Amino acid sequence: MSDLSYLSIDQAHDLLVQKKITAVELTQYHLERIRQLDEVLELTLEICESSALAQAEKVDAKIAAGEAIGLLEGIPYTAKDMFLTAGIKTTAASKILEKFEPPFSATVIKKLDQAGAILIAKVNHDEFAHGTTTENSAYRVTRNPWDTNRAPGGSSGGSAAAVAADVGIFSIGTDTGGSIRQPAAFCGVTGLKPTYGLVSRYGVVAMASSLDTIGPVTRSAQDAAIVLAAIAGRDVADSTTIQIDDYDFVKGNDSLAGKTVGVIKQYIDGLDDDNRQVFDAAVARMKEAGAKVREIDMPNISYSLPCYYIVVPSEISSNLSRYDGIRFGYSDETATDLQQTYLRSRGKGFGPEAKRRIMTGTYALSAGYYDAYYKKAMQVRTLIIEDFRRALDEVDFLVGPTSPTPAVKLGENAEDPVAMYLLDIMTVAINLAGVPSVSVPAGFVDNLPVGMQIIGRQGDDGDVLRAARAFQQVTDWHAKRPQL
Amino acid sequence: MTKYTPTIGIEIHVQLNTKTKMFCSCDNDSRTAEPNTNICPVCLAYPGTLPVVNGAAVRSAIKLGLALEAEIARDTKFDRKNYFYPDLPKGYQISQFDQPIVGEGYVEVLVDGEWQRIGVERAHLEEDAAKLIHPAGKDYSLVDYNRGGTPLIEIVSKPDIHSPSAAKRYLQEIYNIAMSLGITNGDMEHGNFKFDLNISVSDTDELGTKVELKNLNSFRNAERALSYEIARQTELLEKGEKIDQETRGWDDAKSKTFSQRGKEMAHDYRYFPEPDLPPLKITDEMIDEVRAVMPALPREVRKRLESIGIVVDDQDLLIDQPQTLQIFDDAADALEQPALIKKAVNWLVGDYQPLLARGPSKLTGAHLAELILLVDSGDISGKIAKDIFAEVVNGASPKSIVADKGLKQMSDTGELEAIVKDVLDKNPQAIADYKAGKAQALGFLVGQVMAATRGQANPGLVNKLLVQYLQA
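Which chain is which? The protein sequence lines are A and B, in order. Counting along the first sequence from 1, when you hit position 227 you're at 235 in the working numbering, and nothing is skipped either side. Counting along the second sequence from 1, when you hit position 223 you're at 226 in the working numbering, and nothing is skipped either side.
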């Protein structure tokens, strides 16, 4: 049997088509990876062994019958536990959904199902995606495969750690303020936050509805393009989904030659020397590949973090109101009346960060404060959108570091939520603007991977992925693997 | 007459009769459904679910807006109204805050013979809450989510109403408009049309302290409760006392309003734009499409009925009964002459009503016109017409009933003359009596002729012929 480790989607597909491996063998390999690594890395919240193997058998039957299979057929993947999976526990990494078995699957899960991809596990993340290290999970503390004393980033930390550790060939995560890109950077993998509305949010536990996006975490831009092609598209069940001209993210001209790349001044100004050197070296590779590089000043980006931390908790405070212990999820059994049911179910069901955001958001939306906070934040958001539009009129892509530092130590920010929020400083503006951004591995600082984001115009996800692919043709950071 | 002027503002909630709910595809008609059967993950607010706007509800709102002569917002949006309550599964209601789909408009109502214009501040779309059931004597409540997500239009009047009768007229007018537009089932007992009344009195230009009247289930009670409230508030003010800002209910048996609850802490609903729904663009095409299928509105009907001399009570009845109005309109088209058209109204507000109350009617305008023309031409008597009306209401054609039963009135002088002569020949005593001055003898002879013709003779003609012969 061939070596099954660290396969790309294309490689795995070829091996399946050439009958060098079976889908069951490939699935078994990844289930075995879970068994080997779950104790060390604390990746999963639910393992879907029997359904995964049953699906793999179907794919093998198809191949045996000589039928053609799609690129994702038989490809094992993991999903953040924010995605509803019919009949498979979905917790949002929260106690309040401890035993929740959804009656239906998210549109994204259905699409991946239809494409033949095989869900092997639901993976860990920060509770309701609130966090930057995955330490806010109500269940486990996921480790960074590059250094198990460090966080994998967050909130899609389980997705990034799994992909870096070769548990599943890809993962899908959610990104509201950097939750795909920042853990991808921390774990040395590729993570795409698509244009807002490109991928349906239906069946995905909501964090902040006006910023939530869904995207792939992969080991290459090529894999990200394949997964995005399967999950993107207008969905009648999600009125905020959009229609774009070209859904072919996989093909096209990968060259960076002649492209103009703008380096966001506000982001590089915040870097220390080590991180700056590594980032500059990555940009230099783009130049070598033919890109014209210039600096771009985007003054309103400085306000993006405060703006984000008003808009997001406001929406969260409302989105989390439905968890009341009545229709689904955790309901406190010691309560003797309705008020107690509400207070105790929510009091015990939500973790500290969810409560903090409910309180911040409720405050920001309150009469008398609405104008000063929410309304003002929405005005700032408009300015940030304008900044991006203007900048992307001048250049083809914007680039910046994904995070000011590589992976932080576990527990480092435990007592300081603001320090935790600051890890999002380079990613949140992109969500406020709704534009696509892919984080790609761009070097190492202290033997820890760092990422660079390539940002494009709304709906230009294909171009962003082609630029990332071109970058990965001239670099090999994405091919580095952690020692496990 | 008191120096205090009442000022009334009204909020009306109309449940729309769209096929599906406001934001999901559940059946919107739960009249015969078991509790919690017309539900889905969306209207139960399961994690990950998202709302989708019901286009039919939007069209209903546009229809209503056009009927209210209101500006239809080209850019409208939905907002979240946040509050915790067991009937609200999401913990917020999707409503419209600062960009309602329907802007300022008005209705014109006839109050005590005068046309009055009453302003509408706005109308917006929202979803209804679930129904709470509190079983008597139990320590729990039940929630029926069937109603949760029913499309509602809330119509807010301007404080333009200054009498209980105007308030009642306004309520009836909005109800009739909604019914003629066909946007609601209008079943008031089942909460299809609910309203809250705000009433204050003042003897200055400034408004007085307002009292909210809730849970009134009929227009008549609204009028009575407002009259009671005006008297109560006026009396308090005249005694130099203050009005409490409060919510009051109506006790029908005692014909009194009563305090339900005092002024609550102002609710903070933390409104913000619904991020799950993009702003809604209403295009000219959408408005034109709705305009093309607008039915005649109550105000237009009333003005038309008034122009042909139909009295207000009869106008009210026809406007309240859209099917009866349709029969009237069809009959009026066939009858043309105003005198005959009035006869159609008389039939419909008179003999027709008890028959209609008894069961479904198959009366058509064509049949009613036919009946009226048969009487007018003298083919049948008014009495025969009344006798056969029940059958006409059951769907039979008056002409065929008359033909089948041989009921046609004898107006042929030659034929009648023979019968008259025959009757006279058989009743010499009556002739003698008549000539002796006993006038009632003529009545006897008429009766004999009518009997001989089985009631089909034209009584006037019989009378005339008999007198001719007797005086010859």
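Hints listed in this document are in silico derivations from the structure and should not be mistaken for laboratory results. Among the hints, a few may not be true.
To be verified - Only some residues are given here: those of chain B computed to face chain A with a beta carbon under 10 Å:
#1 L53
#2 V56
#3 F87
#4 K93
#5 Y95
#6 Y272
#7 D279
#8 I404
#9 I434
#10 A435
#11 P462
#12 A475
Claimed, not checked - Residues on chain A that point at chain B, a partial pick, calculated with CB under 8 Å:
#13 V301
#14 R302
#15 S329
#16 F336
#17 S339
#18 T342
To be verified - With a Cα cut of at most 27 Å, we get these calculated DSS-like pairs of lysine-lysine:
#19 B/K438 with B/K402
#20 B/K467 with A/K363
#21 B/K84 with A/K383
#22 B/K389 with B/K402
#23 B/K284 with B/K245
#24 B/K84 with B/K259
#25 A/K383 with B/K365
#26 B/K80 with B/K284
#27 A/K356 with B/K365
#28 A/K384 with B/K197
#29 B/K80 with A/K383
#30 A/K384 with A/K107
#31 A/K384 with B/K402
#32 B/K438 with A/K384
#33 B/K80 with B/K197
#34 A/K107 with A/K70
Given the structure is predicted, the values throughout are model-derived calculations rather than measurements. Even glycine gets a Cβ: it sits at the ideal position worked out from N, Cα and C.
Quiz item: Does the structure keep B/K80 and A/K383 at a Cα separation of 27 Å or less?
Solution: 16 Å, holds
Quiz prompt | Proposed proximity, B/K245 with B/K284 (alpha carbon, max 27 Å) | solution = 47 Å, violated
Quiz item: Quick one, are A/K107 and A/K70 close enough, alpha carbons at most 27 Å?
Solution: Violated, at about 35 Å.
Practice problem: Assess, step by step, whether the Cα of A/K384 is no farther than 27 Å from the Cα of B/K402, and give holds or violated. | Solution: 77 Å, violated
Quiz prompt | Satisfaction of the A/T342 interface hint, Cβ to chain B closer than 8 Å | solution = Hint on A/T342: violated, closest Cβ of chain B at ~16 Å, above 8 Å.
Practice problem: Mind checking the CB of B/Y95 against every CB in chain A and telling me if the closest is under 10 Å? | Solution: Holds. Min distance 5 Å.
Quiz item: Holds or violated: is the Cβ of B/A475 closer than 10 Å to a Cβ in chain A?
Solution: 91 Å, violated
Self-check item: Hint status (Cβ of A/S329 to nearest Cβ of chain B, threshold 8 Å)
Solution: Holds, about 2 Å.
Quiz prompt | Proposed proximity, B/K197 with B/K80 (alpha carbon, max 27 Å) | solution = Distance of about 24 Å is within 27 Å: holds.
Quiz item: Taking only the CA atoms, is the gap from B/K438 to A/K384 under or equal to 27 Å?
Solution: 107 Å, violated
Quiz item: Taking only the CA atoms, is the gap from B/K84 to B/K259 under or equal to 27 Å?
Solution: 33 Å, violated
Self-check item: When the least beta-carbon distance from B/I434 to chain A is tested against 10 Å, hint result
Solution: 92 Å, violated
When each numbered hint is compared with the structure, violations occur for hints 8, 9, 10, 11, 12, 13, 14, 17, 18, 19, 20, 23, 24, 25, 27, 28, 30, 31, 32 and 34.
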